[in-house]
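Read off the chains here:
There are 2 protein chains.
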Amino acid sequence: MKRLQLFENIREKESFLCVGLDTDIKKIPEYLLSSEDPIFEFNKQIIDATHRYAVAYKPNTAFYEAQGSKGWESLQKTLEYIPENIFTIADAKRADIGNTSSMYARAFFENMNFDSVTVAPYMGSDSVKPFLDFENKWVILLAATSNPGGADFQNLFLENNKRLYEQVIELSSTWGSSENLMYVVGATRPEALADIRKLVPNHFLLIPGVGAQGGDLNAVCEHGMNNQCGLLVNSSRGIIYSDSSKDFASSAGIQAKKMQQKMAEQLQRI
Amino acid sequence: MKRLQLFENIREKESFLCVGLDTDIKKIPEYLLSSEDPIFEFNKQIIDATHRYAVAYKPNTAFYEAQGSKGWESLQKTLEYIPENIFTIADAKRADIGNTSSMYARAFFENMNFDSVTVAPYMGSDSVKPFLDFENKWVILLAATSNPGGADFQNLFLENNKRLYEQVIELSSTWGSSENLMYVVGATRPEALADIRKLVPNHFLLIPGVGAQGGDLNAVCEHGMNNQCGLLVNSSRGIIYSDSSKDFASSAGIQAKKMQQKMAEQLQRI
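Protein sequence lines correspond, in order, to chains A and B. Anchor point for the first sequence: position 21 equals 21 in my numbering, and the numbering is continuous, going up by one each time. Anchor point for the second sequence: position 253 equals 1253 in my numbering, and the numbering is continuous, going up by one each time.
One or more of the hints may lead you astray.
To be verified - In silico DSS-like links for lysine-lysine, alpha-carbon gap of 30 Å or less:
no.: 1; chain 1: B; residue 1: 1137; chain 2: A; residue 2: 137
no.: 2; chain 1: A; residue 1: 26; chain 2: B; residue 2: 1077
no.: 3; chain 1: A; residue 1: 70; chain 2: B; residue 2: 1137
no.: 4; chain 1: A; residue 1: 77; chain 2: B; residue 2: 1027
no.: 5; chain 1: B; residue 1: 1257; chain 2: A; residue 2: 77
Please keep in mind that the hints were generated in silico from the structure rather than gathered at the bench.
In isolation and in its complexed conformation, chain A is listed as follows:
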């Protein structure tokens, strides 16, 4: 998907919501466990109930890998079930030496046809660039993550007085452009968002951490929104596990709609 298309979807749906499909077999309603593929069945119902309010879906690969090859099939089926005009993110946080990163890129962009994959920056340029070689595909690079440990290394100051995450953004932004590269910035760090917007005014940012992790949507938009929105705000647990009964899907739909309505308000900024 191209950036302009993504922005058009955002305008049309008045939403920049990404629904995180972190589907844990231990957390889904028990009655689903008797179905042939419980994880896919859960996702299917979640997608049916939320796709009107979401512009992106983000399955985190960990939850599928934990089920072995069967989980990998659930992931594939989930991806195929997501409506075509919705941006898809393989939240995989991969990266390896060049020839190996190419294999990961093949796994997510060719075999599975995701629009994007999250990538970890620690191994540097040749670990990231193979993902950027695919047309109409995106790298979403970890910059300032939402978890407590995110500060351990990312926030450290380098001898040039920049924080590590700033250096990651500055250098990596020369490897791609705002047409094929986004950054992960946690909603729990709005102060980082403002700094990052100065470095990459046009890039989209993927923002996890609103909801269960405590980030605030208003602060995120105040510091992070640009004139093409420039934000994909993710919610996982707050939507997909909002109700553990048989009504989980309609409850997820209600939560997604609530987020969408808040986002529609925020979009009046632009």
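Following the hints, complete the assembly by docking chain B onto the known chain A.
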């Protein structure tokens, strides 16, 4: 596997060779493609031919994921085929926020029973610690990697005058011990090895980059060996693709034996 057992295996086999099972369907002999599971069939023959000379096997998950759910099955079968007293490494370079890292740990340690998994440090403590909660299992944390891009961020100096990879080692070494934590240090960076040995004199180091990537075994041992060896030196392409004919396995065996003989000499240092 416990550290002492690993050292005993090294003494017994006079080898600290790790064979990297980076099995690319596009690089294996064509005649294998008609077998039911060509990747597993290739690995099986490689393992048969090399297990006398190796103390560890390291499948890189990228090569299996590139084949989708079928690849995941090949990985599982490969793991089960590796003889029990050989240390197994899932070279997956995973890490995510705490609850998600737990899912990855479950995938590799419970569902698949690997002895260890490689982990990326960028997301900090809560992304690494869930892997350390498993008894007799190991984290192998990326420190100074062998690829050209490894220098992009890992070599940067922090305001405390330490390089990032030194900081990663110093801080992370407080999360585990030399009984459950190793580090990845590229053979292409022997100068880093000497510095790292000062920081973690007792930890095992996993050393990729000997062979195809140009690292030198002698320099690695000179700077990196400790009194319990403390090294696992990996070779992937130099062994498994040393011959592209039907004789690939016996050729791999010959290459592995050559490495083992060089290692036996190096072990006389201790």
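These are the hints, each one checked on the structure:
1. 1137/B <-> 137/A: With a Cα-Cα distance of about 36 Å, the restraint between residue 1137/B and residue 137/A is violated, given a limit of 30 Å.
2. 26/A <-> 1077/B: Measuring from Cα to Cα gives roughly 26 Å; hence the hint holds.
3. 70/A <-> 1137/B: Cα-Cα ~24 Å, so holds.
4. 77/A <-> 1027/B: Roughly 29 Å separates the two Cα atoms, so the pair holds.
5. 1257/B <-> 77/A: violated, 44 Å
Checked against the numbered hints above, the structure breaks hints 1, 5 and satisfies the rest.
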